[in-house]
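My request is simple: use the sequences and hints to build the entire structure.
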Amino acid sequence: MNAIGIETGWRVIEGRPEFFAFTKELHNGLQGGVVDVTEEKRRAYEQILFENSLRMHLEHDVVIVHDPQALPLVQHYQRSGPWFWCCHVDLSTPDPVVWDFLESLIERYDAAIFSLPEYAQNLRLPSALSCRRSIILDDQQGA
Amino acid sequence: MSTPTLGLHSIEEYRPLVGAEVVDRILGKAAKLQDFTIVNVSSTQYGGGVAEILSRSLC
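These protein sequences, in sequence, are chains A and B. Using the numbering used here, read the first sequence as starting at 9 and increasing by one per residue. Using the numbering used here, read the second sequence as starting at 135 and increasing by one per residue.
It is possible that some hints are incorrect.
A few chain B residues that face chain A, going by a derived Cβ cut-off under 10 Å, partial list only [to be verified]:
#1 I145
#2 L161
#3 T171
#4 V175
#5 S176
#6 L188
#7 L192
I should point out that these hints are in silico values taken from the structure, not numbers from a laboratory. Quick caveat: nothing in here was measured; it's all calculated off a predicted structure. Backbone N, C-alpha and C fix where the C-beta goes; we use that ideal spot for every residue, glycine too.
Structure representation (structure tokens):
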């Protein structure tokens, strides 16, 4: 991307092992696993993302957040452009508790990108895109 | 012997794999987005599919 003139960066969030243990649970829950999402774990997860937002300056034309680990970041920025959530997991049968928790976070994004159309659920987003209809790479869109 | 790197690849390395037409089409589209700024956020720099995708697409 950078070599062809599109200035592209990559930021990695930080967290303690228990944070990543919980995001792994969320990941499994999105793919249909039964997980234990307690209020305490949810609060800790959101707090870690808030702390990440304090030291991560995202003033780019487009922000792309990958997978559920960093989903809550979107709540903590004045957006200078669209925010996309890029989902790399199978969302066809998510655990209902995990989905209830994450759905409202996903819907704060301007668009979500999925590997297959059937993973898109019934999200209320301006745009839910599958990789086959990517806004940049698909000739059919005339981009 | 291959040179150890962070796994970054130039788009030109894909030319023999996917063909000149595909690479030239991508370059043509990129020309419309010069100086556009994008940032990706993920949870790990090594290991996992997302890190694989990003390390290869950022070059």
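Now the hints, each set against the structure:
1. I145: 6 Å, holds
2. L161: 6 Å, holds
3. T171: 4 Å, holds
4. V175: At 5 Å from the nearest chain A Cβ, V175 (chain B) passes the 10 Å test, so the hint holds.
5. S176: 4 Å, holds
6. L188: 5 Å, holds
7. L192: 5 Å, holds
Every hint from the earlier list agrees with this structure, and none is contradicted.
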